[in-house]
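Peer 1: The primary structure of each chain is shown beneath.
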Amino acid sequence: MQAFLASIGYEHWILHVLLALPMAALPLVLLLPVRFARWIALTVALTEMILGLGLWWAFDASNPALQFVTDVPWLEQFGIGYRVGVDGLSVMMVLLSVVMMPLVVWGSWKGIDTKQRGFYALLLALKTGMLGVFLALDMFLFYMFWELLLIPMYFTIGIWGSSNRLYAATKFVIYTFVGSLLMLVAILWMVKIVGDATGTYSFAYTHLLANSQALAPYGSWLFVAFALAFAVKVPIFPFHTWLPDAHTEAPTAGSVDLAVILLKMGTYGFLRFAIPFFPAFALSDAVGLTMATLAVVGIIYAALVAMVQPDLKRLVAYSSVSHLGFVILGIWGSTVESVQGAIMVMISHGISTGALFFIIGMLYERRHTRKIADYGGLARVAPLMATAFVITAFSSIGLPGLNGFVGEFLVLIGSFGRYPILVVCATTAVVFSAAYLLWATQRVFFNRFTNPKNEGIGDLSGREIAVLAPLIAAMIWIGLYPGPILRRTEASARQYVEMVESYLPPAEPIIANRTGGQP
Amino acid sequence: MARFAWLTILLPLLGALANGFLAARRPSAKRLVSLIGPGVLLAAFAVAIGAAIEVAGTEEAIRIQLWTWMPVTERLHIDLALQLDRLSVVLLLVVTGVGSLIHLFSIGYMRSDPGYARYFAYLNLFVAFMLILVLGASLPVSFIGWEGVGLCSYLLIGFWFEVDANSDAGKKAFLANRIGDFGVLVAMFLIWWTLGTLDYAGIDATAAATLPLGGTLATVIALLLFLGCTGKSAQIPLFVWLPDAMAGPTPVSALIHAATMVTAGVFLVVRTGVLFSLAPFAMEIVAITGALTAFFAATIGLRQYDIKKVLAYSTVSQLGYMFLAVGSGAWTAGIFHLVTHAFFKALLFLGAGSVIHAMHHAHHAVGAHDDAQDMRNMGGLRTAMPWTFRLMMIATLAIAGVPGLSGFFSKDEILASAFARGDHSTVYLVAWGLGVAAALMTAYYMARLMAMTFYGTFRGGGEVEGHLHEAPAVMTGPLVVLGGLSLVGGLLNLPAVVGGGQWLEHWLEPVLAPANLLLDPLHLPHGTTEYLLLGGAILIAVVGLTLGFRMTLGRPIPLPADTPAPRGLARLLEGKYFVDEFYQRVIVGPLVWFSKTVLWRGFDQFVIDRIAVAGSARLAQGLGWLGSRLQTGQVALYVSLFAVGAVLVLRALIGG
Amino acid sequence: MLLGPSLAVSAILFAIGVAGVLIRRNAIVVFMCVELMLNAVNLTFVALSEVHGMGGQIMVFFVMTVAAAEAAVGLAIILAIFRHTQSVDLKSLNLLKG
Amino acid sequence: MTIDPGTPLGAVLALLPEVILTGWALVVLLLVAWRHKSAGDSRLVGNISLIGFALALAATGWMASQGVAAEGLPQMIALDGFRFASDALLLTIAAGVTILSLRWLERQGILAPEYYVLIMLATVGMMLLAGAVDLITLFLGLEVMSISVYVLAGYDRTRRASAEAALKYFLIGAFASGFLLYGIALIYGATGQFNMTLIGAQLAATEPTLMARAGVALMLIGFAFKVAAVPFHAWAPDVYEGAPTPVTAFMASGVKAAAFLALARLLAEAFPGYVELWRPVLFGLAVATMLIGNLVALAQQSMKRMLAYSAIGHAGYLFLALWAHSDAGTAAVLVYLLAYSVTTVAAFGILASIERAGARTVLISDLEGLYAVRPFAALGMTICMLSLLGFPGTFGFISKWYLLSAPLGVGEVWLPIIAMVASGISIGYYLPVILAMTLKPTRTRQAHQTIRFPRPAKFAVALCVIAILVLGIWPRPVLDFASHEAVRLRQVATPILTR
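Chains as they are written, first to last, in our numbering: chain A, 1330 to 1848; chain B, 532 to 1187; chain C, 284 to 381; chain D, 167 to 665.
Looking at chain A on its own, in the form it has when it is part of the complex:
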């Protein structure tokens, strides 16, 4: 496979094609008759997936550095360029988003019956934006993609969302926009500081990273500016309240994209930018403890709040907040295990929560309600759907053997060395997550069949099975054999941790500090 990919010069064009293809197809979607729209989107999505999957083989897992790097001048006198590339931190997110794309299109196949052209056009634009965020290696480019994403998401929620969509869309955009305002200032200031120190004013990620020691005196302010943007996006408690609304009101595709990719941009931002740029401050005791505490509070808080949600999507939205707390905890756990775990949680959460949103979307398409109370006993009339939901729920709960466990386990075990008490608190989430998801599962799919309106609900159609089956397969695959993924992210995670550890006391085995010999 590698040889074949090399022979077609894969590494030279793949990233550009991934970025450009959706945008290139966008006018087609808009201009051709409406009945073609979804087919074009599907074609593009499948093409992207097939092309993108090559990364799985072409990506050199043993190389921690950035790969497939391209640096084309754009506004060169200002040090801005079209700079893209991937490494272990981003490659999985890129793969996840190209793999998710056909599913999202297919998942929307029936649900979107109005203004299809606009919908699929926005979906394509969204895809470019998402990939751009993960691929950009130029701070200017990154910021552009980062913000650009808001527009398609705004309209996706605002036009095809459910009843309270305007509020949700507005809240989403304002939260995110306001959150990332200061990041722009921080980026510009960073370029200036590094430029003053080195004589090269450049937005290039590698340049800034290599000279990040020049940023140290301003680390605190710059970090706060970055962290605010990322914290809102993740979202970290207490910046999370936009998420339940956005998730709840968005159409299925929007919720899925939001859960699978958009939330990960925040955590990715921490891993890629906020911490490596300002390690001394970001990893200082106070900041580390604050972030880890916020993460853990978020984990438990969101789980508890999820438990009492009357709305299925809202419940899953809060569960997202809870899960992403693990990612943050893992990032600040700062061991190879915890960082690997954080990346794993990012992937797993995408798959499980994506699947949950798909299933809820399917329910919504049938019954036009997300209220848990409107359902009950569905397992009798829709056994396959119930099965899919139960599997997905357990994957989200973190049942070992399914994908959710791997990441959470690694995060917790990896972070334990640095934050034992917090990790113990976070571990209680295994109880709460089971509580909210099982309670919801019970009230929707089990219990007495109370609502006669649900009688004709029908089980999964072939298309819906085709959407869910790959996800469930992925859950089991990652749950039992995550090795290939872990190996691809390991080198970069290790490099990251080695960098980080020069600012931290290494997380030593506990016993080294405690043993005073045999009593």
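Calculated from the structure, these hints are not laboratory results.
One should not assume that every hint holds.
Below 30 Å or equal to it, Euclidean Cα-Cα: the simulated DSS-like pairs (lysine-lysine) are [unchecked claim]:
no.: 1; chain 1: D; residue 1: K203; chain 2: A; residue 2: K1439
no.: 2; chain 1: A; residue 1: K1444; chain 2: A; residue 2: K1782
no.: 3; chain 1: B; residue 1: K1127; chain 2: A; residue 2: K1700
Quick caveat, the model's predicted, so the values are computed rather than measured.
Please arrange chains B, C and D on chain A, whose structure you already have, making use of the hints.
Peer 2: Just chains B, C and D, lined up with the frame of chain A:
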């Protein structure tokens, strides 16, 4: 064969898949399901026997590396590996063996259920997970099984999900288990950060050298692991789920909630015996918790009317014995009781299942809606169901501790061990006392159960009585096998006093060596004391049984509707000490209230959304509104503003 | 040398003009006050040309021209508003606000 | 090509665009004398005046391409790239506004073609203002511009609002002119010069006297009024609302641009020595203007008024570039003004087309559901709003980035931070417009259907929107040009200062 031990997992797994597929596509293909479901189990059992023979020839553990599960770093490199040694093989045989019997029984029991295929899919899946638990070579791998059996338990308890109570029970079971799993997880973190390994072999090898004996760390680890065991094995304080779990089909209760899954906690303690041995305090806690559970569950069992509930509390109680054993360092006794209990309790449950099956069909035939599980509706069934009666009687005698039957030996060994540990700490003596009292009650409530069910006259009405039949052969067959095992199971570890060779003790020796090395050897009582204890045990069994039969049959048994409301102690016992209510009131209710009112409505929606977010938006808007009010349209005001500005600018430039 | 006093006078005149604009409510009077300000500046220019030469005086001519143009336009505008409101009171200019 | 402005030919050459435009205006005025009755006449005059702009633009282009420069010190009017850029910008704005007005006037029943003449004359004033290197020229340019715009503001005589706007603008404007003029007088008094470069040299060489300081202060006040900086802004919302919409566009873009360009030149050439004195003032003006402009905009219902406050807010941002007092800052003024003007012209163009004769002012809620009926108008407006917001992908973002870099480049962080906070506030009023147009259901379908886009306006708006998008991705030519000219401006000013 040992190299193919993974087949024992794969076969049930494939069975589960096949049955699951059938459940989705061809639910009516019951014949095929009947073939696949028990078939894969029997095949697995065959493999297990083969593996056991091979294991018998070696004292070393056989490690079967399947693939690398989590290759994270050099220090955290978790293989998906199986470990076949003398401990796991015992469990392997019990699970596949008893499992096969129960699968066979289920063919008859579940025949008419529309979810037949689904049932076998779950049951097969359960066996697969149970075997992963047992065979796993490291804590994380076992944890797959550990939680997986919880999943299957959840699914099977809520098998008839359309009854709210059943789904509730399933959820409750999983949640209680999860609370325990929290402990296991944290224990794993601690073990890894202290010992740098999660493999059982690694733990055995490094723990003693790394962890100080009696140190806090070892105690904490052991207690956390034990927390997991209290969840999985229904010990105080997490035992509440098991009685509710009886909502599932009765064979499930037999397999999962009596014979196999619930004993996983005992298995885990023995498996990580080294860690417990390093923490004497934790051992005491384990022992006393076990004893207390044995005692209190037995008291509750005294006043239950639901035949399965009695057995459920009996199971909780017997599990308490097992923990008393392992808490006393009598690992073998624990495993021994685990095995014998698997035989006689599976038998009891299946027997009860047979009774319920008969009652249910009889009710169904006449269109009655009485509770098929309430013993007050039964009575005199021995004439209609002679085989069931005889076999259940064997099991009753075994559990009551009638000499010669399996339960007698295992229970006696436990009590003796606890008594022997009394040298170390009076805690063990207290535990022993509780155990003895529980034994008396066990004999009593079992006698009561038998008396209410099989003796006297049928209280459910003559019409129903006419429709009572013995179960078909496919159901009684497994009962016969289990009956035989209950009779002779004691041979496994026959004590020296009756001329036995303590075979199981020797068999497990190599596995338990690292743990035993750290413990003071048990000085089991010999001579007079031993005989006294033995005599006492026999006396207790006889007294308990006699009392049970006498007191139950000595007065009329009212129908459920005529039963007077219990008072005093009886009310407390019938209400199961109101532990459920207590948890509901003190933990669940307040937590839900707190989450909903304080966290969600209060903090999320009010403080963050309303005050912080909407508040700042309102503030900005308010400021804007204020500003626009200033814009009155009056030139005079505009000019004045201009003048003020001019003064400010002039001041800044000139005054500066 | 009358520079100091001239400048002072012009400053005072300018201030009077400003004060008039601030205080008066009649559009025409306000406009006259503005003219007063311009003329005060003119006085400054004239006074300053004593020191700096012709430049200031040239400026005065320009200012006068501009003031004349302004007056023409201004009066036309005031007339236009008078047609709408029958008043030249600035208080009646309250259509646009907020 | 070097010319001597002292000779008549030289003077004409130096003022070529202004001369052409003035001449053209006079010709058009003659034409108007006998063709001023029908709608067709009005249109004809408008089209002819466009030719004038084209010619002037061509002249500017020619001068720029020839690199016309003065022998020695430029007298009265600058001959440098900055001026040519300013002229081009102002002429483009004026042409754009003229195009927007073409059908609009007829539709509103304003049949007085002198309108176009006034636009041309105002443009001449702006060009003089922006190009002046002499305070007399500056004053004359300012007044030519102002007086024309006073009239334009009140052009819709039948509407009381228009007359009221004109009067408010006129009174306060004249008042402000008084301050500016007094400032000029004091500067003249302090230095004896009208030429900016010479003033700069004088001021740099001596200790700041009271007179000079007061002069600087008064001139700043005058300009602060013109650019509608808080607290000299109070006239702006009222006047913007009352004036005919194309005129509002003209004021918001052209007048403001001219004033900022002149201020940039003034600060760079005449007052560089006082930088430490005027910086705090600019700082205060910037903060107050950004915050108050954006905050009060939140409370607006009317589109025009909202855009007026938004214009105030943007004036605040522009002060950042002036504050920086660097090449980057000067370049940022050009870039930001271009971005802002293009966007404003497009936004007002769309707004003007939505307005109906005699109807009340357009509220934000009137736009609800516009997308469903007039998708392109809604899309265009959306892009304008995003550009004003400074959203990536639009020219507005590029210009905002460029602008923020200026103070950061000299080590100032607080101004950019406050600017971003203000920008965060501004989403609170830009977003509802987008929301109303695209997401809200159509309430007034009938009304929307009557919206007719005059073809010229459609053309101009489309051009602007495309420019916003294209320059949002590929702004290099503009950025290169602006930074190049900014450097040139300093090079012109520096040798004299160091002399």
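Peer 1: Is D/K203 close enough to A/K1439, meaning Cα to Cα at most 30 Å?
Peer 2: violated (60 Å)
Peer 1: Is B/K1127 close enough to A/K1700, meaning Cα to Cα at most 30 Å?
Peer 2: holds (16 Å)
Peer 1: Below or equal to 30 Å on CA atoms is what counts here, so check A/K1444 against A/K1782.
Peer 2: holds (29 Å)
The structure does not agree with numbered hint 1 stated previously, though it agrees with all others.
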